[in-house]
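Peer 1: Required output: the full structure, derived from the provided sequences and hints.
Letter by letter, the chains look like this.
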Amino acid sequence: MNAKVLNGLTALDSTQFLLYLSGAMDAFDQELRDLVAQACQCPVGSLERQKKTTIVVRQVIKSGKLWKDSAPYYRDILQKTWIYFCLNLCEAVTVEQPYCPTRASVMTWLNSYLKWELHKARENLQTNTKRTASPRMIEPGEFLDPMDFLEAPPDVPPILEITRQWAEADVDEELRRVHMQSYPHITCQLLILRRLPPETGWKELSEEFDLPISALSSFYQRHCQPKLRKFGSEQGWLLETKTKREAKLQTRT
Amino acid sequence: MTNPTTDTNDLKLSLPITEEAHAIAHHLARYQPNARKAEQVKLNSLAVSAVDTYLQMMRIQTDITASDSHNPSVCLGSDVADLIVTDLGRLECRPIKNNHASCYVPIEVWQDRIGYVAVQLDEALEEAVLVGFTPSVQTENVPLYQFQPLQTLLQRLDELKPLPASSEMSVQTTETNLGELLQGLLMTGWQTLEELLLGNGENLAYRRARRSDAESEREGASSNRRMGKLISLERLEERQVILLAGSNASYFTKTSASDSVSQDVEITIRIIPANRQKALPTGLQLIILNESGTIEKQVEAKPGNDYLRVPISGKRGERFRVRVVLVDSSWTEYFVI
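Chains A and B, in that order, are what the protein sequence lines are.
At position 71 of the first sequence the residue is numbered 71 (the working numbering), and the sequence of numbers has no breaks.
At position 194 of the second sequence the residue is numbered 1194 (the working numbering), and the sequence of numbers has no breaks.
One should not assume that every hint holds.
Stated by the list, open to error - Heads up, simulated DSS-like pairs for lysine-lysine below, C-alpha to C-alpha not over 27 Å straight-line:
1) B/1297 <-> A/203
2) A/68 <-> B/1037
3) A/203 <-> B/1037
4) A/230 <-> B/1037
5) A/51 <-> A/120
6) B/1012 <-> A/203
7) A/62 <-> B/1012
8) A/62 <-> B/1037
By construction, these hints were calculated from the structure, which means they are not laboratory data.
Peer 2: In structure tokens, the structure reads:
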């Protein structure tokens, strides 16, 4: 289609061609505005709203009109922008005013937020130049040093050894007691130990015990994984994101 | 104008992989005892983060830190990339490196999942493309074309959403109340067998179903009822089947339910062909799952089979699911007795 237009062009037509191009842009803005209006007509949290919002996001990406730059924090800011965009497109969720179609095109609204946040991130970085790691976006409006966020012990615990010892010792005999129905020798303890790295493949286990892979893996998933889950959390190995939640609460109140 | 490539791209969604996601992935990977496990945990975590971002954008609540993919000891013993969707269950987010044509879904995550999202990661690990969704898997290497557009994920999550307690308006029948259904309460998608087969022509399975009605009447269960629902496994007509739920409904019609609370209800789930088909598609599976999604019973259609039947029994208030699977497509119906 574009090729045809170009072929038919003469020098005199070039202004018209420019108008055509600008017209196409307006057409895109209009299309986007219509899509947004359609999305906003659907109830908050409805499936239709979600589907239409996804289409809007996809169209924006496809258009290539999203502001881009090479800042190392660009992707964090972009993610933040997408969340801001989706939450405030129809209702004001994290800001005081939602998107207003009479004031700006969707692209203008989106890009100005993105540029402003990039600007803020740059300033933030400059004031924190003494820090060794760059600050990272945690929650809209919140910047935390990754070291504040990830409270990992300085020495990573040898979790494989600790887990193996726990499974072998089986102090409460919980792992030995739970076994596959009619196969008292195939216990949780056995499967957990066999699946710890370097793990035995399901196929090998299936041949060894003469049981279908599905039976073994389903038993493992239903009975052994929950035990590992509980153990991991009791050991305090879960990523502590209290900081994250508190930050979220503070921005909301 | 459009070619197939842009068409499929239209169904995907590309999201940035943030420094924060990298920091978390790195943190989780550090726990693992070898480079292979560390890489696996890192990629899984990045895929989970991307899906988490998308669900945040859609205002769907998640609990990423309680997910197994964030639990070092579970990751140690399993290749797991789940994301807990608050109140709905675990969604598995599988990473795909570069241009792989299939998505690896290890057998240890085949259960207890509300579905699977394929997430393509670029080489620089800066961009995650949500490729698509599938509610269930039957093979460890799922070809990417078997993943359905992302909106199916939204649909699935919407179906699973618990109904608001007092709003009858939004009857998005996520769960079928078997008692009400068999007492004749109208429910979306459900019809009597007669209505369903009207225009479908009477086929052998229908005659068989009627005959067994007559048989049960002779056996004294005079109030035997059954209701059916047309299920489309694909757009093709021959991929449509009818799901029938029936029971010795005397239990349900009793006005004083108090004396029968502990009594088991006998229920029969059947699949029969639709659209004048003489037989069910070979390999069609009928699977009964319990409330937590564990398979209880499973039957499969052999060539020429014109029905599948699974009798089940349960108590009032018990929940179960019926899943119909044909090759790469499946349908799940949720019931409460």
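Peer 1: If a hint holds in the structure, say so; if it doesn't, say that too.
Peer 2: Tested hints:
Straight-line distance between C-alpha atoms of residue 1297 of chain B and residue 203 of chain A comes to about 23 Å, which keeps the hinted pair within the 27 Å bound. Annotation: proposed proximity of residue 68 of chain A to residue 1037 of chain B is violated, straight-line Cα distance about 34 Å (limit 27 Å). With a C-alpha separation of about 19 Å, the suggested pair residue 203 of chain A and residue 1037 of chain B falls inside the 27 Å cut-off, and the hint holds. The suggested pairing of residue 230 of chain A with residue 1037 of chain B holds, with an alpha-carbon distance near 20 Å, which does not exceed 27 Å.
A threshold of 27 Å between alpha carbons decides the hint, and for residue 51 of chain A with residue 120 of chain A the separation of about 32 Å lies outside it, so the pair is violated. With a CA separation close to 34 Å, the supplied pair residue 1012 of chain B and residue 203 of chain A exceeds the 27 Å bound. Distance check on the hinted pair: residue 62 of chain A and residue 1012 of chain B sit about 11 Å apart at the alpha-carbon level, within 27 Å; holds. A distance of roughly 35 Å separates the Cα atoms of residue 62 of chain A and residue 1037 of chain B; the hinted pair therefore is violated under the 27 Å criterion.
Comparing the model with each numbered hint stated earlier shows that hints 2, 5, 6, 8 do not hold.
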